[in-house]
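Chains A and B, in that order, give the protein sequences.
Heads up: the first sequence begins at 3 in my numbering, then just goes up one per residue.
Heads up: the second sequence begins at 1487 in my numbering, then just goes up one per residue.
Everything labelled a hint here was simulated from the structure, so no lab data went into it.
Every residue gets a Cβ at the ideal spot worked out from N, C-alpha and C, and that includes glycine.
Since no wrong hints were added, every one of them can be taken at face value.
Where chain A lies over chain B, by a calculated footprint (3+ residues, C-beta under 8 Å):
id: 1; region: 1507 to 1521
id: 2; region: 1588 to 1597
In the EDC-like style, the derived pairs of lysine to aspartate or glutamate whose C-alpha atoms are separated by at most 16 Å in a straight line are:
id: 3; chain 1: A; residue 1: K79; chain 2: B; residue 2: D1515
id: 4; chain 1: B; residue 1: K1657; chain 2: A; residue 2: D93
id: 5; chain 1: B; residue 1: K1652; chain 2: A; residue 2: D93
id: 6; chain 1: B; residue 1: K1652; chain 2: A; residue 2: D279
id: 7; chain 1: B; residue 1: K1595; chain 2: A; residue 2: E267
id: 8; chain 1: B; residue 1: K1582; chain 2: A; residue 2: E293
id: 9; chain 1: A; residue 1: K105; chain 2: A; residue 2: D124
id: 10; chain 1: A; residue 1: K287; chain 2: B; residue 2: D1585
id: 11; chain 1: B; residue 1: K1595; chain 2: A; residue 2: D279
id: 12; chain 1: A; residue 1: K79; chain 2: A; residue 2: E96
id: 13; chain 1: A; residue 1: K296; chain 2: B; residue 2: D1585
id: 14; chain 1: A; residue 1: K130; chain 2: A; residue 2: D62
id: 15; chain 1: B; residue 1: K1582; chain 2: A; residue 2: E145
id: 16; chain 1: A; residue 1: K287; chain 2: B; residue 2: E1588
id: 17; chain 1: A; residue 1: K296; chain 2: B; residue 2: D1581
id: 18; chain 1: B; residue 1: K1652; chain 2: A; residue 2: E145
id: 19; chain 1: A; residue 1: K296; chain 2: B; residue 2: E1588
id: 20; chain 1: A; residue 1: K287; chain 2: B; residue 2: D1581
id: 21; chain 1: B; residue 1: K1591; chain 2: A; residue 2: D279
id: 22; chain 1: B; residue 1: K1652; chain 2: A; residue 2: E267
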Amino acid sequence: MLIGKPGGIPSSEITPKSVFLNRRKFLAGVGLAAVGGVGLRDIGDLLNPPLTAYANAKIDGIQKSSFNTTEAQTPYKDVTNYNNFYEFSTDKYEPAGLAKDFKTRPWTLKIEGDVKQKQVLDVDAIMKMAAPEERIYRHRCVEGWSIVVPWVGFSLSELIKRVDPLPKAKFVEFTTIYDPKQMPGQRSNVLQWPYVEGLRMDEAMHPLCLLCFGMYGEVLPNQDGAPLRIVVPWKYGFKSAKSIVRIRFTGSQPLNTWQQSNSHEYGFYSNVNPTVDHPRWSQAKERRLGEFFKRSTLMFNGYDQVASLYAGMDLRKNF
Amino acid sequence: MNRLRILKVFIFLAALIPLGLLGWKAFHDGLGANPIEVITHATGDWTLRLILVTLGITPLRRISRQYWLIGVRRMVGLFAFLYATLHFFTYIWLDKFFDVHEMVKDVAKRPFITVGFSAFILMIPLALTSTAWSIRRLGGKNWQRLHRLIYLTAILGVVHYLWLVKADHTKPIEYGILLGILLAYRVGVWASDKAAERRRQAAPPAPVGAGV
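Next comes chain A alone, as it looks inside the complex:
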């Protein structure tokens, strides 16, 4: 199976999503079809399913967004080969290979906690809830590097509105899948698994906060958090939970994994903030991948429209 875009398989060879979905229906009827005398070639196709469709299928009907930055986008090969995804490995160059066979279907998202109706949603149904938008966001890692990624998804608020949280729900907690069989990084305890992240309700409802299932016009590659992730562009990258299987609404502030791991260095808010250094390194500057000179890091990663969410808060204390 191929992950890298510029690899050996020309795009004409990649199974179009429509064909791929038809084939899934077809698979369901395989027993019947076999009895009906399907040709040998078709059986061969069934035994060797078009896995590339998962990673590289185009997403149709993508709308433009007014939130887009005009800055140069980071090359696809960098965004897909340089990943902090500790579930696979703590080495950023390894998830691309280790996530190759990660299964993203079937995939469900549990909606739990303080909601009118607890439910389990299928990822394919979620993707149809609203029109997909391309959101070209800056993405700043707490380690001091940054990228510009054309994510595809829609505002998380679209989902939240549909699942009807109760008034007592003040926070939203995201949980990443726990599957050490598929995720070798989870077999060691560098962090406590499963990975948990969280947002305050008003942060989660902010239109910039993205429920993401694609990038560069295509379905999200496994190593970038497929099939469903959160993208919070004004916070350090680790706040953007990947491969989520549960969203829980709660009255109390969730304990996110990095804070649990080291509360001196990682807080709940983790807004990009050049004036609050990480204890072990400065946050004043960042290196955009592909650039030699560092650039100044912007408050809220340049997303000033979220400043009002934190009016009156001491962001040194609430780092």
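Please arrange chain B on chain A, whose structure you already have, making use of the hints.
Relative to chain A, chain B alone:
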């Protein structure tokens, strides 16, 4: 003498391989998405590895009774210094681009930079006194005493690594364990030498003429 020369040539070439690889990758788009980070990590890793190799030579020559191996130690040490220097310049040139203000803040505020910087500074007198002339000039005893600074450099180097990683401490701990074994060996030798000396002093003087 000949085997020493062969080993020296071999180590000389082998120690240049990591540098050569970095250079080759740099010109063939092989350093990935964040080349400066790769160069920083590679030069840092090789500094620590070569420091551990220099510290391994004494136990190795004693245990194997191949005492001639001491002849390669200074060269390995100088290669460790070469990689430390590259690591240091990667930081001040490629990473900070001679931003003195930023670097001063780093050294003062970031413990892992402070210890890494100290470890490097402590290597400089060792590199400067690595010539045969210096050994003669200082006298073997003084020279040896000065070069025990490498123990401190090695400890600071491992601490530097341990303090900079976010969550996965596997590699710095591996280096730390190796260093612990190498230092424990020295403590063991020192203690048994001390004990032997004490026994010698406590033993009654040998009868005249008996020891011939």
